[in-house]
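With the working numbering applied, the sequence shown closes on residue 149, and no number is skipped along the way.
Hints listed in this document are in silico derivations from the structure and should not be mistaken for laboratory results.
The beta-carbon is built from N, C-alpha and C at its ideal position, and this holds for glycine as well.
Treat each hint with caution, since some may be false.
[Stated by the list, open to error] Computed spacing ranges between beta-carbons, pair by pair:
#	residue 1	residue 2	range
1	R16	N94	46 to 56 Å
2	W139	N34	17 to 27 Å
3	T102	N38	39 to 49 Å
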Amino acid sequence: MRSLKGTTKGCDIFREFQEGLLTLKVPITNICNITTNGAPNMTGKKSGFLGLFNQNYPGNNVVLLHCVIHQDALCKSALNMKPVLDAVVKLVNTIRSRGLTHRLFRDFLQSVQSEYSDVLYYTKVRWLSVGCVFERVWQLKDDIVSLP
2 MRSLKGTTKG
12 CDIFREFQEG
22 LLTLKVPITN
32 ICNITTNGAP
42 NMTGKKSGFL
52 GLFNQNYPGN
62 NVVLLHCVIH
72 QDALCKSALN
82 MKPVLDAVVK
92 LVNTIRSRGL
102 THRLFRDFLQ
112 SVQSEYSDVL
122 YYTKVRWLSV
132 GCVFERVWQL
142 KDDIVSLP
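Take the sequences, apply the hints, and build the full model.
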């Protein structure tokens with residue numbers, strides 16, 4: 002990630018983008034998706050970031066998307082995640098419900114040399130943590146399934 006100093010015109014953003022690619026030695030062929038907001042400095046066909054990108058890299062296969070927040074809202078409205086959330090919360094609560102069960106689970110993860118030492122705890126009070134809980138359970142799925 003790079004900071005812009007001064008103006009935030011499309012040419013400024015594009016220049017920082019190119020310098021970032023050079024600094025990180027990332028070939029343009031590795032870029033598969035660019036997500037922007039709807040601001041003219043990003044979406045302008047001639048002097049916006051996307052316009053400059055398409056002028057400098059014609060024929061690219063990059064997927065151009067508009068605003069991650071809107072995409073997230075669309076996914077949430079299209080997908081009913083409640084059954085998944087309920088199953089994950091039940092699993093985590095079962096593992097963490099009793100001290101002995103929780104200790105045995107942590108010991109098991111240590112014995113199989115798991116990358117993680119525990120599952121994350123989820124409560125409705127900390128509902129923003131649900132994504133982290135999902136991710137941790139997904140990463141531990143093989144260990145959880147092999148639990149004796």
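For each hint given before, does the structure comply? Return the numbers of the non-compliant ones in rising order. Violated hints: none; all satisfied.
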